[in-house]
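Trainee: Listed here are the chains, written in short residue letters.
2 protein chains.
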Amino acid sequence: MTKVGLFDSGVGGLTVLKELIAAMPHKSYVYFADTARYPYGGKSQETIIRYSLENSNFLLEQGVELIAIACHTATSLALHELQKNLNIPILGVIEPAVEKMVATTKNKHLGVLGTRATIASGMYQRKLLEKLPDATITACACPLFVPIIEEQITSPEIIKLVVKETLAPFKGKSIDTLLLGCTHYPLLQKEIQEEMGPHVTLVNPAKTFAEMLQKHNLAKSSTPELSFFVSDDPERFRAIGESFLGISMPHVKKV
Amino acid sequence: MTKVGLFDSGVGGLTVLKELIAAMPHKSYVYFADTARYPYGGKSQETIIRYSLENSNFLLEQGVELIAIACHTATSLALHELQKNLNIPILGVIEPAVEKMVATTKNKHLGVLGTRATIASGMYQRKLLEKLPDATITACACPLFVPIIEEQITSPEIIKLVVKETLAPFKGKSIDTLLLGCTHYPLLQKEIQEEMGPHVTLVNPAKTFAEMLQKHNLAKSSTPELSFFVSDDPERFRAIGESFLGISMPHVKKV
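Residue numbers (our numbering), protein chains in the order written: chain A, 1 to 255; chain B, 1 to 255.
The hints are simulated quantities; they were obtained by calculation from the structure and are not laboratory data.
Given that identical chains are not distinguished, each listed pair holds provided it fits within a single copy or across any two copies.
Listed below are the simulated DMTMM-like cross-link pairs for lysine to aspartate or glutamate, each with C-alpha atoms no more than 25 angstroms apart in a straight line:
#1 K254 <-> E65
#2 K254 <-> E54
#3 K18 <-> D232
#4 K18 <-> E194
#5 K164 <-> E150
#6 K253 <-> E46
Nothing here was measured: the structure is a model prediction, and the numbers come from that model.
When you get a sec, could you build the whole thing from the sequences and use the hints?
Mentor: Right, dumping it as structure tokens:
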């Protein structure tokens, strides 16, 4: 039986789990959301490494055999440290998304959206340039996207204006491929696509991550299980989480 | 020598410290910002009580003789628990703000702004009704105000639209006194006043808190000291913090 562990600071990584379940419904998954210390986006590398190690150790105690970091900030800042310190495969969302972008772009004008910490880490930009040294990359932090989604802001005027002003740095740059470099952003995919126009391909790392994991040829679980753990209030997590996961969520346990 | 301890989840409480320094420059202050677990606004009571106890114990180790909870969420959810468990005076921002509102209103139509957790706790609403049972209170969570300030969003269009839509529930309610029930909100005071109109009095709890503490007749410190501690990156704290504090910040120590 293969058990896949995922962790994130909150509900965002559920967009990754959603794609994993769609691609590989016969696996068991353990999802840990570190909601008591949410969000990671504005925190330092040292702190994020410490939290990521603690989260991974918790998942190991649950018997997982592979850990997916379902969080771009933690992948950017802590992936290598986790790979150095733990004895099971640790996979991040970045590599497969970078490969997809390289395979998709025709004019090598690429855009990257992310949290302040992800963009400042330069991880996506570096990885893209390794594969495509002559690419022109525009990276852009979107500090209000996560609060808008987390706080379930529904005002179309606010969403439209924030998306428009945030994406302004991409105007006139002929970008043909844009990365949604934060687990939350697929929930704004429609508005981002409308603002960028139909000629821009959006890359959703949750999808490319699921495609990569499929290739790992994991064993099927005899009885697939889905477990959810949080470090703060389970009810708030469940209430917001179901819109990210797209299916109803079983019992959520506080640890 | 009297040392006053303050804690908050982040930079917000610096608006309280700013008013304390203005009112009582001859005291020593120790400020602890729990930035590694910031923000508290959306977290559960149990978690916020645990964090508040840990923060208070850290301040006690620094030799403070009085603790000011410079955070509305922690005051709403953890003040009584701290008062029960600790042997020094613990003061919150709520009581003096409530007294000011009661003294200010003429028509007893009151408005309260706060984070989701502060508003949901009902603490301000209950305290106001205890003193003014026939008041009409409209309370309103402002989930995007803190992200706008923390992320240093400068777009006047976004700020204006978010303030307008957030304050919409107050329209037509004849409110004459409005509480800025979160330490960050004084930084949006100008925009909030413009949206509400000149006939509405804004109550800033940082100011009323400093006025109350002045009455405590604390001893002067022979050599007033100002110390800052954080649980995450000191530089980010200092960069944002100085706009909250209004003066330049000495060394910030990570604990």
